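Number of protein chains: 2
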Amino acid sequence: EIYAQIEALLVDGPLAGRHAIVTSGPTHEPIDPVRYIANRSSGQQGNAIATALAGLGARVTFITGPAITPPPLGVTVVKVETAQEMLNAVTSALPADIGVFAAAVADWRMSEAATGKIKKAKGEGPPSLTLTENPDILATVSQMSEGRPELVVGFAAETDNIVENATRKRERKGCDWIVANDVSEGTGIMGGSENAVTVIDANGAESWPRATKDDVARRLAQRIAEALT
Amino acid sequence: EIYAQIEALLVDGPLAGRHAIVTSGPTHEPIDPVRYIANRSSGQQGNAIATALAGLGARVTFITGPAITPPPLGVTVVKVETAQEMLNAVTSALPADIGVFAAAVADWRMSEAATGKIKKAKGEGPPSLTLTENPDILATVSQMSEGRPELVVGFAAETDNIVENATRKRERKGCDWIVANDVSEGTGIMGGSENAVTVIDANGAESWPRATKDDVARRLAQRIAEALT
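Line by line, the protein sequences give chains A and B. Going letter by letter, the first sequence gives residues 1 to 229 in our numbering. Going letter by letter, the second sequence gives residues 230 to 458 in our numbering.
Because the hints were derived from the structure by calculation, they are not lab data. Everything numeric in this text was worked out from a predicted model, so none of it was measured. One should not assume that every hint holds.
As the list claims (entries may be wrong) - Derived lysine to aspartate or glutamate pairs resembling EDC-like cross-links, with alpha carbons at most 20 Å apart: (1) A:Lys-117 - B:Glu-414; (2) A:Lys-120 - B:Glu-423; (3) A:Lys-122 - B:Glu-362; (4) A:Lys-119 - B:Asp-326; (5) A:Lys-122 - B:Asp-389; (6) B:Lys-346 - A:Asp-160; (7) A:Lys-122 - B:Glu-423; (8) A:Lys-119 - B:Asp-411; (9) B:Lys-346 - A:Asp-182; (10) B:Lys-348 - A:Glu-133; (11) A:Lys-117 - B:Glu-393; (12) B:Lys-351 - A:Glu-185; (13) B:Lys-442 - B:Glu-423; (14) A:Lys-119 - B:Asp-389; (15) B:Lys-308 - A:Asp-160; (16) A:Lys-117 - B:Asp-365; (17) B:Lys-349 - A:Glu-124; (18) A:Lys-120 - B:Asp-365; (19) B:Lys-349 - A:Asp-182; (20) B:Lys-346 - A:Asp-201.
Next comes chain A alone, as it looks inside the complex:
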């Protein structure tokens, strides 16, 4: 016991020996070869969480969509584009002790992406884009009967009834924690460098003061480390 503790301290931090999967960034869902559906996630919060977990000694697999922010150093980076590719990458990266699903995964993709560029046709109106639900990465991992990470943390980007929506989301998905934030335009959070989150677990909601995304990440990583020890 004591030897294990000493060893853990030597390899640096309370999460030494632990494997964390962090997803980050947006996903892009192709409409045709040139167009796609995207979202405003910059990947900053996911980057900061990966860095913070690595800072506490975890081995981090960082699975990122096409984010503007380059991925952090000191982690294993897997680049993907679509939600389906992200799910495949997560599944391949398992087993893990910790899963933090910070990516803004597209809820929907095109039912059938066109293989050629969709053209404006004279006399015809614009196409109507028929969508299909994407796989739900958070729910899939949260509800694994075998090999589920010990701690699964989801994110909820909301624009209204934050705590209520996020609390229901936690129950529906089956994850342990939900980190909820308000991405309404006025907040400047999506794409910005600060975040104001509410962490929701089985015991209720805990609102954290607005802080830099780095500070939010460090506090979250610390909370993760405490939960696992």
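Based on the hints, put chain B in the right spot on chain A.
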């Protein structure tokens, strides 16, 4: 006459005293506060054209959507997000001698962008995105009865029947030249550093060998300068 020529040479290049508007990059069309429709334009070709025109002495107004590539130096930069904003910016920047419309403007926008984040609703299927045609910037400027730039150059990103489609596009829009290229996935042109274009004018189609986007831009700027003198 001789004095004017000398003056033009002194202020640097055959396009001295000329104003060029160059549009570049993708446009983003919001679906809701967090999601949008985008396209894979990197803005590299538009950047290179703006730089090349400025290099021949033109005063350049560079109107760019949210491109990954930062805008070039030595030009007046106007940043926009949607097709409608781009059209407004172009109109505001007129009059001009040259209009090069290299932006990959979205053909369609959402009929009504949602003000709150669209949520997955239990039991309901995915939303269907109803689109409306965006203003056609190239056609609008090409068909101006007053104040039309002397030379209007459009771009056609095609995936099949390049020359045929682009020739028809030139006639439909009423521009002077169309620079057509093949953006099929296999070509690596969209987002890549090279381009293989066919320049179509009233006399027919002229195919240029594959070259860097900088070289294509310099050759195009040179052709523009010759056309205006």
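For each hint, the structure was consulted:
1. Restraint check for Lys-117 (chain A) and Glu-414 (chain B): satisfied, since their Cα atoms lie roughly 11 Å apart, inside the 20 Å limit.
2. Taking the CA atoms of Lys-120 (chain A) and Glu-423 (chain B), the gap is near 26 Å; set against the 20 Å cutoff, the hint is violated.
3. The suggested pairing of Lys-122 (chain A) with Glu-362 (chain B) holds, with an alpha-carbon distance near 12 Å, which does not exceed 20 Å.
4. With a C-alpha separation of about 30 Å, the suggested pair Lys-119 (chain A) and Asp-326 (chain B) falls outside the 20 Å cut-off, and the hint is violated.
5. Between Lys-122 (chain A) and Asp-389 (chain B) the alpha-carbon distance is near 18 Å, which keeps this suggested pair within the 20 Å criterion.
6. Distance restraint check for Lys-346 (chain B) and Asp-160 (chain A): the Cα-Cα separation of roughly 8 Å lies within the 20 Å cut-off, and the hinted pair is therefore satisfied.
7. Pair hint Lys-122 (chain A) plus Glu-423 (chain B) does not hold up; C-alpha atoms about 32 Å apart against a cutoff of 20 Å.
8. Proposed proximity of Lys-119 (chain A) and Asp-411 (chain B) is supported: the alpha carbons are some 14 Å apart, at most 20 Å.
9. With a C-alpha separation of about 11 Å, the suggested pairing of Lys-346 (chain B) with Asp-182 (chain A) holds against the 20 Å cut-off.
10. Between Lys-348 (chain B) and Glu-133 (chain A), the direct Cα distance comes to roughly 12 Å. Compliance with the 20 Å bound is thereby established for this hinted pair.
11. Our distance criterion of 20 Å between C-alpha atoms is met by Lys-117 (chain A) and Glu-393 (chain B), whose separation comes to about 15 Å.
12. Simply put, Lys-351 (chain B) and Glu-185 (chain A) have alpha-carbon atoms about 26 Å apart, too far for the 20 Å limit, and the pair is violated.
13. The straight-line distance between the Cα atoms of Lys-442 (chain B) and Glu-423 (chain B) is roughly 5 Å, inside the 20 Å bound, and the hint therefore holds.
14. Of the pairs offered as hints, the one joining Lys-119 (chain A) and Asp-389 (chain B) holds, with about 11 Å between alpha carbons and a cut-off of 20 Å not exceeded.
15. Note on Lys-308 (chain B) and Asp-160 (chain A): the hinted pairing is violated, with a Cα-Cα distance of about 30 Å set against a maximum of 20 Å.
16. For the proposed pair Lys-117 (chain A) and Asp-365 (chain B), the alpha carbon gap of about 17 Å is at most 20 Å, so the pair holds.
17. The hinted pair formed by Lys-349 (chain B) and Glu-124 (chain A) fails the criterion: a straight-line CA distance of about 30 Å is larger than 20 Å.
18. Using a Cα cut-off of 20 Å, the hinted pair Lys-120 (chain A) and Asp-365 (chain B) holds, with the two alpha carbons roughly 11 Å apart.
19. Distance hint between Lys-349 (chain B) and Asp-182 (chain A) is fulfilled; the C-alpha atoms sit about 17 Å from each other, no more than 20 Å.
20. For the hint pairing Lys-346 (chain B) with Asp-201 (chain A), the CA-to-CA distance comes to about 23 Å; that exceeds 20 Å, so the pair is violated.
The structure fails hints 2, 4, 7, 12, 15, 17 and 20 (numbered hints given earlier, in ascending order).
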